[in-house]
Amino acid sequence: MLVLEQLQRRFGDVIALDRLDLEVVAGELCGFVGPNGAGKTTAMRCAVGVTTPDAGTVAWEGRAVDLEVRRRIGYMPEERGLYPRMRVAEQLVYLARLHGLRSAEAAANVEFWLDRLGLTARRDSPVEELSLGNQQRVQLAAALVHDPVLLILDEPFSGLDPIAVDVMSEVLLERAAAGVAVVFSSHQLDLVEDLCRSVAVVDAGRVVLRGDVRELKRAGDRRLRVAVDGDPGWVAALPVDTEVVARANGEVTVALGAEADPGEVIELARAGGPLLHVRLEEPRLSELFRDALQDRLPR
Amino acid sequence: MSPGTTVRLIAAREVRQRLRSKLFVGTTLVISALLTVLAALPALLGVFDPDEPAVDQPAEEADLPRLGVVGAMSVAERSAIEAAIGPIEVVEVADVDAGAAALTSATNDLVAVVVPGERVLVAPSGQLLRPGSVAATRVAEALALGELFSEEPDRVGEVLARPSLPVEEVGDVDPAEATARLVVANLGVVFLFAVLIMYASMIINGVIEEKGSRVVELLVATVPVRWLMTGKLLGLGIVGLLQTLTLFAPPLAVLLLTAGEAIPRGVGGLGVAIAGWFVAGYALYAVIAAGLGSLVSRPEEAQAVLTPANVLMIGGYLVGFLAINAPSSTFAVVASFVPFSAPYAMLVRQALAAPAWWEVAAAAALTLSSAAALTVVAARIYEGGILRTGARVRLREAWRAG
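Keeping their order, the protein sequence lines are chains U and D.
Positions 12 to 310 (our numbering) are the ones given, in order, by the first sequence.
Positions 18 to 419 (our numbering) are the ones given, in order, by the second sequence.
What the hints contain is simulated information worked out from the structure, not anything from laboratory work.
One or more of the hints may lead you astray.
The calculated label-pair distances, taken between Cβ atoms and stated as ranges, are [as the list claims (entries may be wrong)]:
| no. | chain 1 | residue 1 | chain 2 | residue 2 | range |
| --- | --- | --- | --- | --- | --- |
| 1 | D | Val32 | U | Asp135 | 11 to 21 angstroms |
| 2 | D | Ala389 | U | Pro95 | 30 to 40 angstroms |
| 3 | U | Gly144 | D | Ala408 | 27 to 37 angstroms |
| 4 | U | Leu78 | D | Val200 | 46 to 56 angstroms |
| 5 | U | His198 | D | Gly43 | 45 to 55 angstroms |
| 6 | U | Asp24 | D | Ala211 | 44 to 54 angstroms |
| 7 | U | Ala119 | D | Phe338 | 49 to 59 angstroms |
Partial list, computed: chain D residues near chain U (C-beta under 7 angstroms) [stated by the list, open to error]:
| no. | residue |
| --- | --- |
| 8 | Glu234 |
| 9 | Leu235 |
| 10 | Thr239 |
All residues carry an ideal CB built from backbone N, CA and C; glycine is no exception.
So here's chain D without its partners, still in its complex pose (with noise of 0.2 angstroms):
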């Protein structure tokens, strides 16, 4: 019999294994369809409806900004400034004292308080005009200019009347995909995170349930210790992907029907990447994961032994995180090349920073190598620690009995 046939053996039992707990299949069920009702709530809620506006207008009959004003104002500072914010309604106030107490009493209803040739008082806490808001900036230049054209007031709606200067754009980065980039950037990097450190879990309770219920020894008279681990992480790699699709398919199926077109084109190739990357980032941890569970033969010490692992993945979610931030730094890219932090960091800069495609490629080279090259430690160490019952086994005496 092949390698490939025992492999495949060793797989298919922990496949059909973990598809018929109830448990598994139901939680992964449920969780599947409260995320596809989620991925249906903005369609149900009319958010992507074009012909609605996504944010109330102000009413047109509503109340005019009540404006304070110290002192006089003169015809060309109030139509700079209702050029500026849109109409007002003027209203005295006896001097910058007053104006202030008015601004930071609890019944205030002015947006500020302007003292014509001197300056403009706001409070935080104004609902139109905040200290260095874009507003607040125009009130206090809309001031200025009236001030200037004092003598000549028509002249203020004709020079905020002069067409400005054109703003061009260039490059093709729509805004909505930059924001949609970066929503990925960041769901993929929780969402590698999440699956590795469940997957994670799972191998090491099913090296544990080998080793803990003994079976192993009767394993391994007949299957090779590497084949058999080979077969288990295949297998329980299968598994995850399945529950993987089965979790994210439906809810992305619904997202892509009822809101397709508001969803930028050139993110659905992230979701390639992201499942690219969980592959690669799998076969890496999966290997640390069933070399470390050979060396424990209880549940509850589990968690213990695979803190070594745990610590690695996650760093490579923080370093993904301080990626987002900086993209295109030394940093990200480097980290986009140490096989542990790779599948957080490469998944990065593809959403955010548009690496080559042959870093993209020597990224994963770099990480699936490792993985391959831990096989055969996780492999040794596999082989040492798994008929060793009882207490811990140390990792270099497993290292040194594989």
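Chain U with its partners taken away, still in its complex shape (with noise of 0.2 angstroms):
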């Protein structure tokens, strides 16, 4: 389990995690979201330890993560970066070497892969000389490529084509269900959404909201989505513990808190004209996303 404990980071002015507190269990894929500025670079730079934190501690089963825990954590830096004039396949076995795999062990799961991610072709090519996408590729392997036990992606979905999203989407789903535990920030909530069994949502330096993804949908408040064919002047009579988030395209989204009843606004909404449809639904993962945030983000 990785434990990220009472994390404190300062730049100058700027506090970039305040008592930031994240545990992610072997086999978990957790999501880790937030607005652009909350810490989660400089958490998960802390993680691996690429920066050391003012205060809290990092610890990997129990132990606090030193030189020993940093060569089994597969990293991924928002600022992608590989050396531009050295060959795909040399590359990876050097970066593998270097978290301690000997030459032949390294060899290996370099080809492995080169062949996983389709790049067996780009094998002896300089990595300058590759497209952006299968660039991407290479530093996914270059996380992958000495068998980590915890995986550290910083926005690992960014600038990746549809098909790129589902091959990097297959491989975390494989390597979670082989026991390795798997964060990745990024700022597509359907995406983690769909992927992640849960969510850290971090605001401000610090995590606001946290746990299986199911389950915060299931306590988030329901949205009732309405459209009526008529004045949508209804909503102002909405009852208590009812709050209008969203209108698009006729479309009224109205959250509905725990003591809320649906039956009641659909009623209101039916007085306002004809019914065009009516969907009752567990809250969107950026919903809940909204509103673990609502103070600071414009609706």
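Take the two lone chains and join them into the complex the hints point to.
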């Protein structure tokens, strides 16, 4: 289990981490989401030892993350980076060896991942000659090539085409199923919702929402999506514990608090005109995200 | 995995990548070939062939030097002059003014004009006799001698034929070796400066490559920054030594094979001194270059950020040259113990002033221990600067962040 406990980090006057806590167990695929500047990258850098926190601890399986542990972490930095002129396979072998693998083991792993990610034909090309998509694949291979027990990936989906998103998703699910603890940050909340078992929402340097995605959705305010052929003024009479959270294309989305009665809202809507459609749903992750950050985000 | 293995892996990558660059290898081989041809040139031109006179001797039948004489010249005076500078042809000159005009005319063929018992006129452009030259002085002395023995001209030959007092040489410095040592001191200082500047630049570009391509974040997630820096410096140091050997070993071998006997003994040891000071100088300046390199992200900023190191290197180089002129001076002795100038100044002293072995050892120890101390400082700056991409990082900020 990865445990980040009470992490604090300040850059000049900017507080990047403000007593951030996070736990990720082996086999868990955890989405790490938050607005820009929330502290995601700093937290991940602290987890891999690239940045030293001012206070707080980082531990893996009860042990402080030292060099030995760091060698077993697969890391994809937000700022992608590989040696541009070094050949793909040679570079991956080099990185695997820096993580402590023996030469033969490193070579075998490299061949496996080149094959798995469809890069075998480019194994001897310098990285700079690859397309951006293929460079991303090499970057993923660099995070995986040493059989890590913990994967920390900063925005792994950014800049990927839909096919590459599928490949990345498959690999992450596969690794989590193999018992690897996987944490990745992303702004694509729908993707996180589809892919992850758990999520951590971070804001202003601390985790503001954490848990199993399904449970969080179940516990969150349900959404009633109503479209009426008539005057939208009916929403003015909404009962307490309900709130309009979105309007789009004639559809009004009403968040229902624990005490709210969806029937009552439907009746109100019907008074405004004939109903075009009504859907009662659990909230999307993006809506939970907005709820968690409601004081700071514009509606 | 031990630090040694990690550092070796990093160093090996640096060596492989550099040796794979066709431009780097090609340029090195071409320069080496040029230097080898240059080294072979003296042998090809027969400069070292002892059977061949190095300088053409004047032909026997050549015209005698023409000496202008105002008035009469006694037999004794002429004998004295010929004893001093060899056979001459005497040309009568009307007076001093005519002599001076003849000497300064464009068509002058007189070596000098003498006024017996009075003076000797020479022109600055004179071939044999110039103002202040030994030959001019000897003509003047001969003239005086001839005047002294004007009544007994035969004694002039007797006096001049008297064996001169023996001149004994003390010490064991062979003039050829002294010249060779001076040449080695000059070349050694230039060589050290050139290679140190070149490798400092190579290091800074290597650091910027990792920082600019952002691969460094991936590396420092698994390798302590100090090991990363050490591996890089070691790798580029090995590349530097390999390149230096490739550049200079073939021409030196050619020089030894073709002119081995002409190279004085004792100069060979200086080659070892140059190699040793290269290693010590590299250790010192390389860590500075690495620390400074971590402050910038773009190659075009490299030279600007390297300025402090360049100033130190150029300073050391100038000190080295000053030391050549006075290798035993207090200045040279002090400079040979100051770490930044020691590689140059002690090399010069070793070539020209025979310092005690312990002085050389102490200077090397001071330079290497300064390099070690600077490694700690540079590693901290490197640690603080290497992850901060974008704008140039201030030294103080990097130090605080490290």
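Hint check results:
1. One distance hint, 11 to 21 angstroms for the beta-carbon pair valine 32 (chain D) and aspartate 135 (chain U), holds here, with the actual separation near 20 angstroms.
2. For the pair alanine 389 (chain D) and proline 95 (chain U), the supplied restraint of 30 to 40 angstroms holds, since their beta-carbon distance comes to about 33 angstroms.
3. Taken as a hint, the range 27 to 37 angstroms holds for the pair glycine 144 (chain U) and alanine 408 (chain D), whose Cβ atoms sit roughly 30 angstroms apart.
4. Taking 46 to 56 angstroms as the suggested C-beta distance range, the pair leucine 78 (chain U) and valine 200 (chain D) conforms, at roughly 52 angstroms.
5. Separated by about 48 angstroms at the C-beta atoms, histidine 198 (chain U) and glycine 43 (chain D) satisfy the suggested range of 45 to 55 angstroms.
6. As the Cβ distance of aspartate 24 (chain U) to alanine 211 (chain D) is approximately 47 angstroms, the hint placing it in 44 to 54 angstroms holds.
7. At about 58 angstroms, the beta-carbon gap between alanine 119 (chain U) and phenylalanine 338 (chain D) stays in the expected band of 49 to 59 angstroms.
8. For the restraint placing glutamate 234 (chain D) at the interface with chain U, the shortest Cβ-Cβ distance is roughly 4 angstroms, inside the 7 angstroms limit, so the hint holds.
9. With 7 angstroms as the threshold, the beta carbon of leucine 235 (chain D) comes within range of chain U, its nearest partner Cβ sitting at about 6 angstroms, so the hint holds.
10. At about 5 angstroms, the closest approach between the beta carbon of threonine 239 (chain D) and any beta carbon in chain U falls short of 7 angstroms, and the interface hint on this residue holds.
In summary, this structure violates none of the numbered hints.
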